[in-house]
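Based on the sequences and whatever the hints tell you, model everything.
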Amino acid sequence: MPIKLPSFRPRRDAYPPDLWTKCPSCGEMLFNKQLDKVLRVCPSCGNHFRLSAAARLEMLVDQGSFAERDGGLESEDPLGFVDQKTYPDRVAAAQLATGMRDAAVWGSAAIHATPIVICVMDFGFMGGSMGAVVGEKVTRAAEHALANRIPLLIVAASGGARMQEGTLSLMQLAKTVGAIERLRVDGVPFVSLLSDPTTGGVFASFAVLGDVNIAEPNALIGFAGARVTAGTIAQELPPGFQRSEFLFSHGFLDRVIHRSELRDEIATLLRFLVARPAPVPPEGPGGDPLGLPSFRAISFLSNLAERVLPPDPDETGGSTNGHRPGSVTPSAPPEPPAEPPAAVPPPATAAPPVDPAPRVAAEEAERG
Amino acid sequence: MVDRILHRGRDQRASVPDDRDSSSADGPGADIAADPTAATWARVQLARNLRRPRTLELVAELADEFVELHGDRLFGDDAAVVTGFARIGSQRVVVVGQQKGADTDENIRRNFGMPHPEGYRKAMRAMELAERFGLPIVTFVDVPGAHPGPESEERGIAEAIARSIALMSRLRTPIVVVITGEGGSGGALAIAVGDVVIALENSVYSVISPEGCASILWRTADEAATAAVAMKMTAPEQQELGVVDIVVAEPGQGAHTDVAETARRIKRNVVEQLEALVQVPLDELVEARYLRYRTLGAYREVEATPPPPVPDRPGLADRLRNLLDPGRWSGISTTPAGRRDELPARDEV
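First to last, the protein sequences are chains A and Z. For the first sequence, the working numbering assigns the number 1 to the initial residue and increments by one for each residue that follows. For the second sequence, the working numbering assigns the number 1 to the initial residue and increments by one for each residue that follows.
The reader is advised that the hints may include incorrect statements.
[Stated by the list, open to error] From chain Z, some residues computed to sit far from chain A (all C-beta separations above 12 Å):
#1 His70
#2 Ala79
#3 Gln253
[To be verified] DEER-style ranges, computed between Cβ atoms:
#4 Leu323(Z) <-> Ala93(A): 22 to 32 Å
#5 Asp258(Z) <-> Ala234(A): 31 to 41 Å
#6 Pro239(A) <-> Glu128(Z): 34 to 44 Å
The set of hints was computed from the structure by calculation and includes no laboratory data. For every residue, glycine included, the Cβ atom is placed at its ideal position computed from N, Cα and C.
Below, the structure is given as structure tokens:
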């Protein structure tokens with residue numbers, strides 16, 4: 001390794017990176033300590049800086065209430081994907097740069113003492129792209145919310161699906177949406193907070209499906225990036241396109257909220273959005289997931305018999321449902337769904353191929 | 001508009017001679033078999049072939065009756081998506097499929113097979129109809145991607161796709177998906193969530209077009225063939241990944257060389273799957289479908305010790321060094337994790 005002589009002339013134009021940040025919107029130099037105090041929103045132009053997952057959690061949930069779950073999930077490399085770097089190298093680099101294992105964290109927390117399940121994405125980790133780990137975390141968060149009937153809050157910040165995992169990352173759309181749809185059917189609230197940027201496969205899956213969709217001002221939110229549009233249909237996008245306000249005016253967002261008010265706003269929403277009480281567990285098997293009373297052949301027949309047949313003199317004071325040995329019930333028609341050994345012929349639950357050499361993860365992207 | 005047509009037209013004209021060359025010369029030809037990149041790219045070209053049979057042609061061949069239904073009841077009728085009732089064998093079904101055009105005029109009318117939100121909303125309407133009347137659903141996927149333009153965004157293409165995926169994940173009726181050509185990302189998945197996914201041998205399925213992937217990761221669209229190989233987008237590779245269940249071999253030099261036989265083979269598989277699926281109780285069917293997608297994706301669980309924390313606040317000594325000689329010590333006082341203000345946004349997506 002060649003010895004590099006230190007340069008003794010400091011570069012006069014460089015600001016110490018940890019002290020000052022230049023606002024990309026208005027060019028103002030901002031003192032970092034000050035910027036942190038105002039939740040990283042530029043005091044002069046209102047530009048909302050991107051937040052890491054940790055910073056987002058800090059500003060959003062009650063101090064110390066966040067308990068992370070599944071922190072140990074890590075990407076594998078199912079395709080053996082190599083572009084200019086290998087996928088595991090990209091993941092390792094992102095892990096080093098961010099101190100995270102993948103682009104999302106989830107856990108339980110509280111906002112104004114209301115318990116929630118929260119999942120936060122971090123754009124800094126390979127563009128917040130959704131691979132198997134992000135998909136799994138979102139899905140587990142949704143399933144946890146469903147099982148415990150706690151409202152779910154997902155903070156999206158992502159460029160889309162993770163190309164390096166191929167269609168398996170596309171399948172995360174189906175996986176997460178399937179879990180979110182179960183919340184919706186079962187009446188457990190899901191608030192989606194869209195931050196800058198939320199695009200591609202993440203926007204076109206769970207992020208757009210909130211019972212309430214809220215966004216920060218001027219966040220980039222859209223389906224196809226400008227380059228995709230230009231490359232596919234050779235059309236330029238108008239300015240201000242795919243920003244929060246654009247989506248708001250077209251009816252896809254409920255509210256656009258300044259970062260300083262987010263916490264209170266979400267707390268207010270959660271006072272209205274309360275999980276429906278758990279459906280009464282259907283008696284026995286054959287219960288309907290919609291909570292409708294299922295048809296129970298035996299009780300139906302015995303009720304019928306009770307009404308139709310004259311009371312049996314031998315059984316006065318006994319069973320009032322006209323139950324007579326050898327008459328009605330034994331000949332009852334087939335039991336409710338007798339669960340024939342699933343004749344599902346397709347390889348319905350094909351196990352994902354697992355790379356025997358576990359390696360780590362790398363970049364974002366996607367299009368529609 | 002003209003730009004757009006020219007643009008697409010150029011691509012497609014380019015693909016026709018390609019295919020003719022290959023159909024005359026190669027077959028499973030010698031040099032192509034030796035070069036995986038060429039073989040994969042030949043598949044991509046076949047999947048995009050202008051003469052490849054589209055949904056309506058296939059349905060005309062494999063269904064005994066077909067009645068097309070139009071309109072999403074909200075905005076309009078998108079010709080890039082066709083829906084309708086069909087009778088396949090003894091089974092009444094609802095068909096949903098994407099439809100590219102066979103020539104330029106039809107392609108303009110059908111928007112090169114790129115659906116707008118109203119296309120997906122029409123599909124949802126048809127699928128809800130199917131559930132209501134207990135009809136199984138057969139979808140035909142052949143789409144370069146959902147339309148990525150301003151009109152699409154204004155009317156909520158992302159919302160339409162997400163809703164469609166959500167709907168298919170819970171529909172209480174069997175769903176058989178047939179990928180016949182290009183399976184282009186979210187635009188394909190929106191009608192491709194099913195109990196069984198069948199794919200024609202020369203169809204492809206990917207999360208992004210190979211050109212798009214190459215232009216992001218290789219910084220040039222010329223590496224599209226390389227990207228196509230890296231993404232493992234051909235039907236047999238997708239089957240290995242578990243995304244596709246059944247691969248149907250194509251006759252001759254590809255589906256376009258014998259449409260009737262292609263349709264017959266698809267029909268045989270679809271009928272077989274439908275017959276099995278209608279036997280399955282609906283609760284089990286929906287649960288199995290949920291699990292099919294629930295288990296896709298490769299990850300591992302390592303010990304949940306947090307990785308070494310990024311130093312949050314540099315010590316006083318580091319700060320002094322930094323003040324005196326910025327840049328030189330940047331390796332020591334890292335910018336805290338909470339302070340990354342990346343600019344690139346549009347370029348990343």
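Going through the hints against the structure:
The claim that His70(Z) is not at the interface with chain A holds, since no C-beta of that chain comes within 12 Å of its own (minimum 23 Å). The claim that Ala79(Z) lies off the interface holds: its Cβ sits roughly 16 Å from the closest Cβ of chain A, which is beyond the 12 Å cut-off. No beta-carbon of chain A is positioned within 12 Å of the beta-carbon of Gln253(Z); the least distance is around 26 Å. In this structure, Leu323(Z) and Ala93(A) meet the distance hint of 22 to 32 Å, their C-beta atoms being roughly 29 Å apart.
Checking the proposed 31 to 41 Å range against Asp258(Z) and Ala234(A) shows it holds: the Cβ atoms sit about 35 Å from each other. Roughly 38 Å separates the CB atoms of Pro239(A) and Glu128(Z), a value that falls within the hinted 34 to 44 Å.
In summary, this structure violates none of the numbered hints.
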